[in-house]
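Engineer: Going down the list, the sequences are from chains F and Y. Here the numbering used here runs 8 ahead of the position in the first sequence, where the first position is 1. Here the numbering used here runs 5 ahead of the position in the second sequence, where the first position is 1.
If you are wondering where the hints come from, they were derived from the structure by calculation, not from laboratory data. Note that the structure is predicted; figures quoted are calculated from it, not measured. A virtual CB, placed ideally from N, CA and C, is assigned to each residue, including glycine. Some hints could be false.
Claimed, not checked - Cβ pair distances, simulated, as ranges:
| no. | chain 1 | residue 1 | chain 2 | residue 2 | range |
| --- | --- | --- | --- | --- | --- |
| 1 | Y | Gly-469 | F | Arg-161 | 52 to 58 Å |
| 2 | F | Arg-218 | Y | Arg-465 | 41 to 47 Å |
| 3 | Y | Gly-469 | F | Asp-280 | 20 to 26 Å |
| 4 | F | Gly-91 | Y | Pro-521 | 44 to 50 Å |
| 5 | F | Pro-175 | Y | Arg-465 | 41 to 47 Å |
| 6 | F | Arg-218 | Y | Ser-468 | 47 to 53 Å |
| 7 | Y | Asp-400 | F | Gly-91 | 26 to 32 Å |
| 8 | F | Asp-280 | Y | Asp-400 | 53 to 59 Å |
| 9 | Y | Glu-451 | F | Arg-161 | 44 to 50 Å |
| 10 | F | Ile-104 | Y | Lys-444 | 50 to 56 Å |
| 11 | F | Arg-133 | Y | Arg-407 | 38 to 44 Å |
| 12 | Y | Leu-394 | F | Lys-211 | 23 to 29 Å |
| 13 | F | Gly-204 | Y | Asp-400 | 31 to 37 Å |
| 14 | Y | Ser-468 | F | Val-157 | 38 to 44 Å |
Said to hold, decoys possible - Derived SDA-like pairs (lysine to any residue); straight-line CA-CA distance at most 20 Å:
| no. | chain 1 | residue 1 | chain 2 | residue 2 |
| --- | --- | --- | --- | --- |
| 15 | Y | Lys-444 | F | Asn-293 |
| 16 | Y | Lys-444 | Y | Ala-433 |
| 17 | Y | Lys-250 | Y | Gln-202 |
| 18 | F | Lys-271 | F | Thr-214 |
| 19 | F | Lys-266 | Y | Glu-429 |
| 20 | Y | Lys-444 | Y | Glu-429 |
| 21 | F | Lys-266 | F | Ala-234 |
| 22 | F | Lys-271 | Y | Ala-435 |
| 23 | F | Lys-271 | F | Gly-204 |
| 24 | F | Lys-266 | Y | Pro-477 |
| 25 | F | Lys-266 | Y | Phe-462 |
| 26 | F | Lys-270 | Y | Glu-438 |
| 27 | F | Lys-266 | Y | Pro-396 |
| 28 | F | Lys-89 | Y | Ser-388 |
| 29 | F | Lys-89 | Y | Pro-396 |
As the list claims (entries may be wrong) - Here are a few chain F residues that sit away from chain Y, every Cβ distance over 12 Å (derived from the structure):
| no. | residue |
| --- | --- |
| 30 | Asp-85 |
| 31 | Ile-200 |
| 32 | Ala-294 |
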Amino acid sequence: MAPRRLDWAIFEKNDGEIMAAAPRRKRRVLRAAQVEPVRGRLHHAIVSRLFETLFALMSRRITIVEDEPAIRENYADVLRKHGYEVAAYANRADAIAAFRLRLPDLAVVDIGLRDDIDGGFELCRALRAMSASVPIIFLSARDSDFDVVAGLRLGADDYLTKDVSLPQLLARIAALFRRSDLLAAPQASEEILERGPLALDLKRLTAHWRGQRVDLTLTEFWMVHALARFPGHVKDRDGLMREAEIVVDDSTITSHVKRIRKKFAALDAKFDCIETVYGMGYRWNAA
Amino acid sequence: MSTPPQTMSGFGPAAASSELLVKTSAADANAAPAAEPRRKRRARLALGIRAQLLLVLTVFLAIPWLGYEYVKELERFLRDAQEARLAGTAQAVATALHDRGPLFEVRPTPLDTLPTERAGESSAVVGAAVDTPGSPEIAQILHGLSRTSARIWVVDRDQHVLARAGSLKRTLPEPPRADDASYVERFLAWLDREALQPLYGRVLQPPTEDFSDERTGRTVPSGRDVEGALAGILTVDRRPTADGKAVIVAAAHPIWVGDEVKGAVIVEETTNAVLAERNRAFGRLFNIVLAALLVGSVALTLYASWLSLRIRRLRDAAEAAIDARGRVRGSFTGSAARDEIGDLSRSFGSALSRLTQYASYQEAMAGRLSHELRTPIAVVRSSVDNLALQPLPDDARVYIARAQEGLTRLASIITRMTEATRLEESLAEAERERFDLAKVTVGCVEGYRAAYSGRTFELRVPSGEAPFFGAPDLVAQMLDKLCENAAEFATPGTPIVVALQQDETRYRIAVTNLGPPLPDTMQGRLFDSMVSVRDRRTDGGPHLGLGLYIVRLIAEFHGGRAIAANRDDGRGVTVSVTLPLVRAER
Chain F
9 MAPRRLDWAI
19 FEKNDGEIMA
29 AAPRRKRRVL
39 RAAQVEPVRG
49 RLHHAIVSRL
59 FETLFALMSR
69 RITIVEDEPA
79 IRENYADVLR
89 KHGYEVAAYA
99 NRADAIAAFR
109 LRLPDLAVVD
119 IGLRDDIDGG
129 FELCRALRAM
139 SASVPIIFLS
149 ARDSDFDVVA
159 GLRLGADDYL
169 TKDVSLPQLL
179 ARIAALFRRS
189 DLLAAPQASE
199 EILERGPLAL
209 DLKRLTAHWR
219 GQRVDLTLTE
229 FWMVHALARF
239 PGHVKDRDGL
249 MREAEIVVDD
259 STITSHVKRI
269 RKKFAALDAK
279 FDCIETVYGM
289 GYRWNAA
Chain Y
6 MSTPPQTMSG
16 FGPAAASSEL
26 LVKTSAADAN
36 AAPAAEPRRK
46 RRARLALGIR
56 AQLLLVLTVF
66 LAIPWLGYEY
76 VKELERFLRD
86 AQEARLAGTA
96 QAVATALHDR
106 GPLFEVRPTP
116 LDTLPTERAG
126 ESSAVVGAAV
136 DTPGSPEIAQ
146 ILHGLSRTSA
156 RIWVVDRDQH
166 VLARAGSLKR
176 TLPEPPRADD
186 ASYVERFLAW
196 LDREALQPLY
206 GRVLQPPTED
216 FSDERTGRTV
226 PSGRDVEGAL
236 AGILTVDRRP
246 TADGKAVIVA
256 AAHPIWVGDE
266 VKGAVIVEET
276 TNAVLAERNR
286 AFGRLFNIVL
296 AALLVGSVAL
306 TLYASWLSLR
316 IRRLRDAAEA
326 AIDARGRVRG
336 SFTGSAARDE
346 IGDLSRSFGS
356 ALSRLTQYAS
366 YQEAMAGRLS
376 HELRTPIAVV
386 RSSVDNLALQ
396 PLPDDARVYI
406 ARAQEGLTRL
416 ASIITRMTEA
426 TRLEESLAEA
436 ERERFDLAKV
446 TVGCVEGYRA
456 AYSGRTFELR
466 VPSGEAPFFG
476 APDLVAQMLD
486 KLCENAAEFA
496 TPGTPIVVAL
506 QQDETRYRIA
516 VTNLGPPLPD
526 TMQGRLFDSM
536 VSVRDRRTDG
546 GPHLGLGLYI
556 VRLIAEFHGG
566 RAIAANRDDG
576 RGVTVSVTLP
586 LVRAER
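Isolated chain Y (complex conformation) (with noise of 0.2 Å):
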């Protein structure tokens, strides 16, 4: 094959066919409005899964409420051990205590000074072991008993205090400083203490030490306890302090002299190593819970943008292996994954594969229906010339004039459907030479204004060349389709307007006529093989659908386009072809 001498300056026939065809798209205005909706779109799919994923989560909020309701369960179960132990050790006491008659015999030294000034300093000295008694002896027993936790009285039946043990204040251990921690474990010590136990705070109020105790004079208020005790029963209560901010559990058993009730054993303690536990529980649960939900939740994200990451990246080789007109632009590669994607995608690259088949077998139709055909039309016309020669009555005669009229419309058919798969052939080999656009354009209309004598035709042409590199020959046909399709619609008495422009980048030819719009289904697929927008009421020649896409087809091996688009006042059609000018030519 010869090369001609514009593609030596380093622009193949083919390298430029296919990048002008990439630039004129880009540059069309059609294009841009089409690319808008699909990036919309595609934010709506992302945010779709990865959205519904965490709404899913939402689910594993109920993991912290179940916690807290167990957790409630855990007070329940620590206070009634509190209460079951404060009524042993109160029992304990007063066992020790029971028919030593004597101890309760003395009468309390009046003890007016110590114990308040004693009182007044109680809340400030923390963890004082034994009071001032108001008894030695039973003091002495009380001291063997003692607890740090919690405070043992003993009263006589006036609810005199006769000793007094231990303390309600409890001294919290200092929190061990973690010098050596690494920084992990003391960024998370810092997460706990700064972020966490403040949040949980919120939900269960913190156990405080700093609480008003009032138990703390020569004799004890009377409270259900006491009185339960010094009646004779072995009583457990549970009450407020005075400022509400601790709950204070005292278990209260008699002390047996013989019969008689002598006196009691109160045992009181607060409920704050309760809460302690419950709350350092309830923290330690929720910190479980809250790393299970986040590391959950992320890994979720994760999962769900990688999904839809490859859902996407299915949609976008599926968008891209299809073009606007809905034919299939090369080959689609289905993935190797093994999961329901994958096969989706594989199913996708069959679909696609049969769909390309089927475009193929659609476009070789008409070549091969026409070829099928040629031999019987063969058959019956020289059959019917046999006849034509015999001699016949004259009658006869105007049937083999219809038969052979009827031939000859069906050769025509033939003619016009091996045009498209001819011109399919010959393109292959086309050879390219400059030309002068305007020249072949005045050429060709000059003549469709003899060839549609029913025609008027308007002509605008730039003055002067419009050089172009192509196929004139192959130009002229675009254009005889064109007319002849713009012909065939144009309303009767309204003239076609053929136009040529010229741009930048570009040629354009518009034939342009006044008649019935386009249909909206139609718009895409008027440049395929064997489309048709034709009612059959037209008369003359036949109509396969061929002219437009002859078009598409010598403006593509020009690395053109062709559009089809109702007037802006929908009154007409306007069809147009752009010819991109190859470098080398502008």
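Only chain F is shown next, with the shape it has when bound in the complex (with noise of 0.2 Å):
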């Protein structure tokens, strides 16, 4: 067992109560019932960068699966310094055998490794029978949509090209950890945005569509929040591009735009909200 490197938290419950908590087990650290009451109230200021810090140094294993070693390292160094707990493989069974001992928090994992040329979703679905949870992001320079469809499919929580930046690599690690924990705590403050039977959690980053769970990669879901934000408004490309933190080209948005149509279809066939305007970009029709 590692040793525990974190033995307390603080919580804000949902009257405004700020709580700290001490975890039983350090991966369940916000989970409600794990937590127990031990302050009364604390400055709301001093919580809140309390709660940053201990953001930042909560110490979250995140998996990197990549044959290159020098991107390895370098994601690995930016991810640590980040505050991240890293653990860096280079190919699939060192990785597998890693996540039988100890499931990670998060795992980036590239598709070729090496001679394994579809090593990255042999681990993907591995990975996926272990846990339901865990995200995974696929991290590849294939671009194919036959490849991110694949990706995808087995469960991938994102599938972004070797183009992406630290920068926005980050801020989806971010953005899918607060969805994670967001998805295991109690209904907190919440944040919805409703456009008629869409309706977007904008803390825990789901999409529901008449009551219906839509399930959406994180691209996909900052790309309906920057659309429905505004109904109405067209939304050209490069808009969307920078809503959801990627940089692809045009035609790679179009296939996200289907994607997104053909989720929503699945749930409801006459779903026609997302509109191409052609020559500017999407426009969000109110239902």
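Using the supplied hints, reconstruct the complex from the two chains, each of which is provided in its own coordinate frame.
Structural biologist: Structure, rendered in structure tokens:
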């Protein structure tokens, strides 16, 4: 067992009460059932700073599986600098062996691992079998629609090409952690964006359509959010890219939008809220 | 895969695209002039090999000439033989008359009436063996020696005719009646008689028996032969008849009685037999030569036609294998023939397959290259990003910023490179739907007006809907590339004209800009992967020559064509795309 690095946590309850919590298990630090109130109210400003520090210090484990040593080390370095605990592996066998010992809090996986051409896919499948909730990000040089679709179908939470910059990667990792944390948390302070049948939970980063959960990736969620925030306004492709924290070409945006439409259409065959405005971009039309 | 409802009307997208591609290329005005020079070239080629072989065949015209020379030689030989024979006959007759003085003592009875009478008839009486002799004894001797075609005279010293036998005129045998001959034989005989013999007659005079014979009188007109013989020498002479229609060869031998020449024997014959023999040989030779030439030239012409047919087939197959833009269209199967043409066809086939490999390599190169570049770029990018997170002096930040800017540009190059590859992949599963082409065009141009702030766009679309069955996203992407290309080349301040036209069978989207014309050499290749006519001075984004390639891919996906041409006045360029209407949509 790794030594406990975190002995306590600060927690804000529904009614604004600030709680400090001592987790039984570090990974479940914010799970309400596992915290015990130890102190009364604190000054809000102090608490939020403490909260941030805690958040940064909180040693989340990220596993990077990447065959290229330079990239592996660079990613590992930057993640460590941001307070994460990083384990890096070069191949599938090592990674799976490590997963058996202990699951990571998040995995960044390359698809091609040297001779193991689709090793990343296999790894994703194996990890998903071990845990349904661990966020998985594909980070690959491959950018064909086929690979993106295959990767997301295997249960990955996001698919990034290696064009992504480190700040963008960090933003995604942070967002995914927030989502996985809040999914586990009780109905805390809600921040819901509602547009007719669409409901976007901005904290949990989840979308619902007529009450049904739409399984969007992080990129897709951010795109839907960018569109739905101002219904009727055309959002161009650059704007969508900015909001979704990705750098891709126009045709990738097109395929992202196509996938989003399909996911909504799977729940509601008459879904046509995302309109293509040719030459301009996309627009959310009220249903 | 779900089938769109439109395809239910017997018009699947795949079948439609190929059929319409054929239709549009046939209807295309550009295709017609291209076909014209090809036909001309074919005619010249066909004439070429056959004409050349026939020209070579003229060498064999020397054979008749050689035959002619040979026949002349033969004639000389026959003549010599004839002269020797006549001399021998004369000698033989003379030998029989030697030393028989009394025969010559008899004064010849005056033959005033009879010989002249006979002389008048002699041309009519052919084959009269013996004339009325001046000396019956001699005549009797001559009678035994008489010949059909030769005439023998015996004259005394005064050149009085003592005896005469034979005639100069030959009796010609009747040509056999070929009643039982087959049609072929009869035809050949007819051909020989009606066509060939008159022809040969022009070259070599046929002998005639219709000549005047002046030596029919009582005395023999003095000639070299008679004079020579009377002088005691065997003389052979040759002289034409008075009317020049024949030549007479005469041999004269003296008749000795003791030491005295008592008379002479003259043996005469026309050369007609020799000439006839010569002409027969000539005709026979020529028949054979003509037949050989005829058969030879027919065989050679057939061979040449077969050869040129094979070469033409090879050329047509080669032309069909490569389309107007130099792309390999289909497989080329080499001939199995084991000769040089077969070799040529096989080596052409292998050259084509290598060309295909190269073309696909070129088309795949962009995708492969970008994939290979991504990893090292990721190394650099993550390193620079890491560096940027370090506490650094401000002057170092400048370099980091520059490095990041360079990386951004590099990334955009890679993105563009993969755009074509990704498009090729997505075309495979692109879904078609019915949409309004005019609306998409208008929308796109609206977008460009905002995106290209320094440019003005002129839009010409038909009023009302322009329904089209295709992939609107792809059409929009195609318009993006067309307008991006036009904006790149347009002279600043001039408008870019985007026009949508519709006719019976297709839509035509044309984007025209004023600016430098296309170089002639590039017109066919503009739509290929990684081909660009830009020079280096252009600034802005990276140029990989993939934009128009994408246009072509999308146009071909819709069964259409992309064409780039200079404006008629040469002041600008029009890039147009034809999108055929699916029949069910019309």
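Engineer: Within a Cα-Cα threshold of 20 Å, do Lys-266 of chain F and Pro-477 of chain Y meet the stated pairing?
Structural biologist: 12 Å, holds
Engineer: Evaluate the given range 38 to 44 Å for the C-beta pair formed by Arg-133 of chain F and Arg-407 of chain Y.
Structural biologist: 42 Å, holds
Engineer: Could one say that the CB atoms of Asp-400 of chain Y and Gly-91 of chain F fall in the range 26 to 32 Å?
Structural biologist: 29 Å, holds
Engineer: Confirm or reject the claim that Gly-204 of chain F and Asp-400 of chain Y have a C-beta distance inside 31 to 37 Å.
Structural biologist: About 54 Å separates the Cβ atoms of Gly-204 of chain F and Asp-400 of chain Y, which means 31 to 37 Å is violated.
Engineer: Compare the distance between the alpha carbons of Lys-89 of chain F and Ser-388 of chain Y with 20 Å, and conclude whether the hinted pair is satisfied.
Structural biologist: 14 Å, holds
Engineer: So the hint says 47 to 53 Å: do the beta-carbon atoms of Arg-218 of chain F and Ser-468 of chain Y match that?
Structural biologist: Violated, at about 40 Å.
Engineer: Range hint 38 to 44 Å: satisfied by the CB atoms of Ser-468 of chain Y and Val-157 of chain F?
Structural biologist: Because 41 Å falls inside the window, the suggested range holds.
Engineer: Given a hinted range of 41 to 47 Å, is it respected by the beta-carbon distance of Pro-175 of chain F and Arg-465 of chain Y?
Structural biologist: 46 Å, holds
Engineer: Is the straight-line distance between the alpha-carbon of Lys-271 of chain F and that of Thr-214 of chain F 20 Å or less?
Structural biologist: Given pair Lys-271 of chain F, Thr-214 of chain F holds - Cα atoms ~13 Å apart, limit 20 Å.
Engineer: Just to be careful, I want the Cα atoms of Lys-266 of chain F and Phe-462 of chain Y compared with a cutoff of 20 Å; is the pair within it?
Structural biologist: Given that 20 Å is the threshold and the Cα spacing comes to 29 Å, the pair is violated.
Engineer: Take a quick look at whether Lys-266 of chain F and Glu-429 of chain Y sit within 20 Å of each other, Cα to Cα.
Structural biologist: 17 Å, holds
Engineer: Does the beta carbon distance between Glu-451 of chain Y and Arg-161 of chain F stay inside 44 to 50 Å, or does it fall outside?
Structural biologist: Since the Cβ atoms of Glu-451 of chain Y and Arg-161 of chain F sit about 37 Å apart, the hinted range of 44 to 50 Å is violated.
The structure fails to meet hints 1, 4, 6, 9, 13, 16, 20, 25, 27, 30 from the earlier list, while all remaining hints are met.
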